[in-house]
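Asker: With these hints in hand, go ahead and build the complete structure from the sequences.
Chain by chain, the residues run as shown.
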Amino acid sequence: MPNNEATNTNQTIDRNSVILEMKDITKTFPGVVALSDVNFCLRTGTVHAICGENGAGKSTLIKVLSGVHPTGSYEGEIIVNSEPKVFNSVKDAEEVGIVCIHQELVLVPELTVAENMFLGHQPNHRGVIDRARLFQETQDLLVRLGINKEDAPPDILATDIIGDLSVGKQQLVEIAKALSKDCRILILDEPTSALTESEADVLLDIIRGLRERGISSIYISHKLDEVMEIADDVTIIRDGQYIGTKPKSDIKKSDIIAMMVGRELTNQFPEVDHERGKVRFEIKNYNVYRPGTDRKLIDNISFQARQGEVLGVSGLMGSGRTELFSSICGILPNRSEGEVYLDGELLNIKSPNDAIKNGIYYLTEDRNRYGLVLNMSVLENITLSSLKKVSKAGVLDRDKEVAYSNEYVDKINIKTASNDVKVSTLSGGNRQKVAIAKSLLTDPKVLILDEPTRGIDVGAKYEIYTIIHELVNEGVVVIVISSEMEEILGLSDRILVFSAGRLGGEIDISDASQVEIMKMATGFESDG
Amino acid sequence: MSSKSLGGAGIKAFIKKYAMMLVFVVIVIFFTIMTDGIFLQPRNLSNLFRQMAIIGVLATGMSLVIVSGNIDLSVGTFLGFVSGLASAGMVWWNWRTPAAILLGILVGVVVGFLHGMLIAYLKLPAFITTLGTQFVFRGGLLGVIKGQTVAPLHESFVFIGQGYLARSVGWIIAIVATVLFIISVFNRRKKNKQLGIQSNPIGKDIVKIIAFIVVVFVFVYLMNIYEGIPVPTLILLGLSLLYTFIAEKTTFGRSVYAIGGNSMAAQYAGINVNRVITVVYMLSGALSAVAGLIMAARLNAGSPQSGLFMETDAIASAVIGGISMAGGTGKVYGALFGALLMASLDNGMSMMNVETFWQYIVKGAVLVLAVLFDIQSKSKK
Ligand SMILES: Nc1ncnc2c1ncn2[C@@H]1O[C@H](COP(=O)(O)OP(=O)(O)OP(=O)(O)O)[C@@H](O)[C@H]1O
Ligand SMILES: [Mg+2]
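Protein chains in written order, with my numbering: chain P, 1241 to 1768; chain F, 2 to 382.
Don't take every hint at face value.
Here are the simulated lysine-lysine pairs, BS3-like style, with alpha carbons at most 25 Å apart [what the hints assert, rightly or not]:
{"#": "1", "chain 1": "P", "residue 1": "K1662", "chain 2": "F", "residue 2": "K18"}
{"#": "2", "chain 1": "P", "residue 1": "K1628", "chain 2": "P", "residue 2": "K1640"}
{"#": "3", "chain 1": "P", "residue 1": "K1629", "chain 2": "F", "residue 2": "K192"}
{"#": "4", "chain 1": "F", "residue 1": "K124", "chain 2": "P", "residue 2": "K1590"}
{"#": "5", "chain 1": "P", "residue 1": "K1524", "chain 2": "P", "residue 2": "K1536"}
{"#": "6", "chain 1": "F", "residue 1": "K205", "chain 2": "F", "residue 2": "K194"}
{"#": "7", "chain 1": "F", "residue 1": "K205", "chain 2": "F", "residue 2": "K147"}
{"#": "8", "chain 1": "F", "residue 1": "K250", "chain 2": "P", "residue 2": "K1632"}
{"#": "9", "chain 1": "F", "residue 1": "K191", "chain 2": "P", "residue 2": "K1629"}
{"#": "10", "chain 1": "F", "residue 1": "K205", "chain 2": "P", "residue 2": "K1263"}
{"#": "11", "chain 1": "P", "residue 1": "K1662", "chain 2": "F", "residue 2": "K13"}
{"#": "12", "chain 1": "F", "residue 1": "K332", "chain 2": "P", "residue 2": "K1628"}
{"#": "13", "chain 1": "P", "residue 1": "K1536", "chain 2": "P", "residue 2": "K1590"}
{"#": "14", "chain 1": "F", "residue 1": "K250", "chain 2": "P", "residue 2": "K1640"}
{"#": "15", "chain 1": "F", "residue 1": "K250", "chain 2": "P", "residue 2": "K1662"}
{"#": "16", "chain 1": "P", "residue 1": "K1629", "chain 2": "F", "residue 2": "K250"}
{"#": "17", "chain 1": "P", "residue 1": "K1597", "chain 2": "F", "residue 2": "K250"}
{"#": "18", "chain 1": "P", "residue 1": "K1662", "chain 2": "F", "residue 2": "K192"}
{"#": "19", "chain 1": "F", "residue 1": "K192", "chain 2": "P", "residue 2": "K1628"}
{"#": "20", "chain 1": "P", "residue 1": "K1632", "chain 2": "F", "residue 2": "K17"}
{"#": "21", "chain 1": "P", "residue 1": "K1651", "chain 2": "F", "residue 2": "K18"}
{"#": "22", "chain 1": "P", "residue 1": "K1628", "chain 2": "F", "residue 2": "K250"}
{"#": "23", "chain 1": "P", "residue 1": "K1524", "chain 2": "P", "residue 2": "K1488"}
{"#": "24", "chain 1": "F", "residue 1": "K194", "chain 2": "P", "residue 2": "K1651"}
{"#": "25", "chain 1": "P", "residue 1": "K1632", "chain 2": "F", "residue 2": "K332"}
{"#": "26", "chain 1": "F", "residue 1": "K194", "chain 2": "P", "residue 2": "K1655"}
{"#": "27", "chain 1": "P", "residue 1": "K1685", "chain 2": "P", "residue 2": "K1597"}
{"#": "28", "chain 1": "P", "residue 1": "K1640", "chain 2": "F", "residue 2": "K191"}
{"#": "29", "chain 1": "P", "residue 1": "K1524", "chain 2": "P", "residue 2": "K1493"}
{"#": "30", "chain 1": "P", "residue 1": "K1662", "chain 2": "F", "residue 2": "K205"}
{"#": "31", "chain 1": "F", "residue 1": "K194", "chain 2": "P", "residue 2": "K1629"}
{"#": "32", "chain 1": "F", "residue 1": "K13", "chain 2": "P", "residue 2": "K1640"}
{"#": "33", "chain 1": "P", "residue 1": "K1632", "chain 2": "F", "residue 2": "K194"}
{"#": "34", "chain 1": "P", "residue 1": "K1640", "chain 2": "F", "residue 2": "K124"}
{"#": "35", "chain 1": "F", "residue 1": "K124", "chain 2": "P", "residue 2": "K1662"}
{"#": "36", "chain 1": "F", "residue 1": "K18", "chain 2": "P", "residue 2": "K1640"}
{"#": "37", "chain 1": "F", "residue 1": "K192", "chain 2": "P", "residue 2": "K1632"}
{"#": "38", "chain 1": "F", "residue 1": "K13", "chain 2": "P", "residue 2": "K1331"}
{"#": "39", "chain 1": "F", "residue 1": "K250", "chain 2": "F", "residue 2": "K194"}
{"#": "40", "chain 1": "P", "residue 1": "K1662", "chain 2": "F", "residue 2": "K147"}
Honestly, the hints are just simulated from the structure, not real lab data.
Answerer: Okay, structure coming up:
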């Protein structure tokens, strides 16, 4: 483990002592009981996972714990080190060492890593920020955490602008930030949902290192393999109810799922046979350039997508998957060239609007930034891409809007108090479902889904996969970009593997395996 | 314990929601006392509503600009420019009334289009762009009227700023409005039932209807005691109604809110962001032009001073009316309330013979306070 040298607490840790207890927590929002009499008990120096379906109340529970929902806005008690605590703000919770990394990242994208890390408590000299020290301390901290290796060139520079970093790196900065405060209980709400597997591994290593130092963690994730890998205990909540807490050694993944959804879930992926048909969507010699240069971000990519198949797109972070498809759909402003055909017809797409008019819909991987208008209602978001469909001569038809949004809320099980509440009040996974509903309502001919099940629970994933198969059987071309190997293998009929801006390879599902895909993604073999 | 603090939060939320109403009530009481009740007399109220019309039309146009996440600092001097242009046209160049009106509005639309080109397509910051055009229009006004007061204007033109509706017409409007309101409330209930949505309790709707009737009939009654409903007030109400419809019932309006809420998401969703913003500026330009025409008609002249600093009134009215500077939220008709408050300040202070410099100070402070309040209520969420 890389961070053993960072260990500075030598006394033994009593992992059976209780550091934190939450008792009978009940929290209601208008129209929703988010938590009802939930109990939670964290042992010192352990990793405690919380599992539950989308909207079960996981994030709400840790918001109660971290002071986002202050004392008085809920019922119940929080006891830290046998002392009842009152948290009126996030600061109060941080004072007793409870630091939370929220599901929806809150770094300031325009500032540097160092500035974000020390936001509000920068090292200063009579109010003038000491920049040299700011950057030095940041650099040290990144090394101490094992994010940067001492002897290798650093992965993340203190001077990097946050907005330029990948989501995975941003996540690591969040953690470093949390640890720059005096942290004894670290809370991570779906920290790996936007990470690649190797990035997730780095993160899990860091959490293990913290555990060694006696820091306790609360870990929320829909990736149950990770949970099984890292957790000491698992607490399950369902529909705001406390279901139970089990030591990891006593349970299997399937037990967690059963407790989460209240029934057995036999398959993770629906078994469907597709009938492969004619080519509908084709990309020829597509290039995308870096802004202001002649260097290529995407280098001469061509591929075809057929009717009746799910085309999976795999590749490492930064391999250009998102860039290619967002460029094709007129979103990426970079200079590009190449041909896009739909049903044999050459298209000229200059904006997302053109793409959608032509029946090509790209669903972004970053729902909060690009996918949703958070202060608009569920209904307004679902119909946002289909305003023509729900209006007549430019005048909205409320009946249609209600009918369509109800249809999708039912179909993909969006958990919301009503259609008219703001999307910002929905849980992370349910927000994602709203974004998916929006894309489906456009009746696309080509649907490009970028990380569609990010932050979605196992049961709901199955439902979304089912919908994808239905669309395919109706003749829609569905392209799924995913960093989850399991998802790629379980869902696709054919897989494109991107490698550093090129097509590293293409493989039929019958020949595909994780090893094979990784080879193509890292560029062994396929260089010839 | 928790229920108690929840109650506290409830009161706080209530005060927050109605703070501007309370401020307004305080202002009215203050002016009423200071003017020995003259402030509330029908004659003055009629005057107040006419004053409000110009600010209100301007603020209504501004409202969607702010909702879209932009700003327009040029509306005041542009209003002045149009009033000068129309006056000069009628006095010096023999424009008839309809020509003056149509040309004025056309200039507004064209100017809005240019603003849209600069701000939406060329990506210039709205703040700086309209700060610049503010000066352009100021210069334009002085140029077109050669720095003089241009008067008098056609009688038919003056009617849109100074005219009154016959009393009987006022009553007819009140009755028609009431009937339409009742029909729409019951239609909504019927629709909800069909769609399976919970309607308001019937009692609440009836209270709403009664409140509507009281407000409308008291308003018409008071106006009729004096000379009748002022024409500019009617224009304001009509435009506000139309704008509310555009904002809430059309795909265009929905797009404006989406852009203000998250312009990237709106673009990804397939909304033509640049075009929508351009149209917003064109509409706002048209409304500023209408305000300018009313201004000229009310003064029966084109004056070098007209419209000066009125962007302050417009922005303050919109923000006081609940339209957040952050973009994406607020009701267009809220600007009416804001305009009423700003017009009351103008009217009350001049009746009290407050010196001009104090009037500027007070209005500037009100703008800053309104924005402060807007930001506060955002961050406390
Ligand atoms: N600010 C809020 N206002 C109203 N309702 C809310 C608010 N925050 C959360 N809720 C509701 O509380 C419930 C629990 O939400 P929470 O975010 O805790 O779910 P979650 O378990 O974290 O789900 P996910 O896995 O999707 O992140 C949901 O029904 C959600 O809509
Ligand atoms: Mg959550």
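Asker: Now, for every hint given, state plainly whether the structure supports it.
Answerer: Results of checking the hints against the structure:
1. P:K1662 x F:K18: Cα-Cα ~18 Å, so holds.
2. P:K1628 x P:K1640: 11 Å, holds
3. P:K1629 x F:K192: 20 Å, holds
4. F:K124 x P:K1590: Given that 25 Å is the threshold and the Cα spacing comes to 18 Å, the pair holds.
5. P:K1524 x P:K1536: The hint holds at about 16 Å.
6. F:K205 x F:K194: 16 Å, holds
7. F:K205 x F:K147: 57 Å, violated
8. F:K250 x P:K1632: 11 Å, holds
9. F:K191 x P:K1629: 23 Å, holds
10. F:K205 x P:K1263: It is violated: about 40 Å lies between the C-alpha atoms, which goes past 25 Å.
11. P:K1662 x F:K13: This hinted pair holds, its Cα atoms lying about 21 Å apart.
12. F:K332 x P:K1628: Status holds; Cα separation ~23 Å.
13. P:K1536 x P:K1590: Between K1536 of chain P and K1590 of chain P the Cα gap is close to 19 Å, so the pair holds against 25 Å.
14. F:K250 x P:K1640: 13 Å, holds
15. F:K250 x P:K1662: Holds - the C-alpha atoms of K1662 of chain P and K250 of chain F are around 18 Å apart, at most 25 Å.
16. P:K1629 x F:K250: 14 Å, holds
17. P:K1597 x F:K250: 22 Å, holds
18. P:K1662 x F:K192: Holds: K1662 of chain P and K192 of chain F sit about 22 Å apart, inside 25 Å.
19. F:K192 x P:K1628: Holds, at about 21 Å.
20. P:K1632 x F:K17: Since the Cα atoms of K1632 of chain P and K17 of chain F sit roughly 38 Å apart, the hinted pair is violated (cutoff 25 Å).
21. P:K1651 x F:K18: Violated, at about 37 Å.
22. P:K1628 x F:K250: Distance ~13 Å between K1628 of chain P and K250 of chain F Cα, so the pair holds.
23. P:K1524 x P:K1488: With a Cα-Cα distance of about 50 Å, the restraint between K1524 of chain P and K1488 of chain P is violated, given a limit of 25 Å.
24. F:K194 x P:K1651: Given that 25 Å is the threshold and the Cα spacing comes to 22 Å, the pair holds.
25. P:K1632 x F:K332: Distance of about 23 Å is within 25 Å: holds.
26. F:K194 x P:K1655: OK: K194 of chain F and K1655 of chain P at ~23 Å, within 25 Å.
27. P:K1685 x P:K1597: It holds: about 10 Å lies between the C-alpha atoms, which stays within 25 Å.
28. P:K1640 x F:K191: 15 Å, holds
29. P:K1524 x P:K1493: 44 Å, violated
30. P:K1662 x F:K205: 24 Å, holds
31. F:K194 x P:K1629: Distance of about 23 Å is within 25 Å: holds.
32. F:K13 x P:K1640: The hint is violated at about 38 Å.
33. P:K1632 x F:K194: 22 Å, holds
34. P:K1640 x F:K124: It is violated: about 36 Å lies between the C-alpha atoms, which goes past 25 Å.
35. F:K124 x P:K1662: Given pair K124 of chain F, K1662 of chain P is violated - Cα atoms ~30 Å apart, limit 25 Å.
36. F:K18 x P:K1640: Since the Cα atoms of K18 of chain F and K1640 of chain P sit roughly 32 Å apart, the hinted pair is violated (cutoff 25 Å).
37. F:K192 x P:K1632: 18 Å, holds
38. F:K13 x P:K1331: Holds, at roughly 23 Å.
39. F:K250 x F:K194: 20 Å, holds
40. P:K1662 x F:K147: 53 Å, violated
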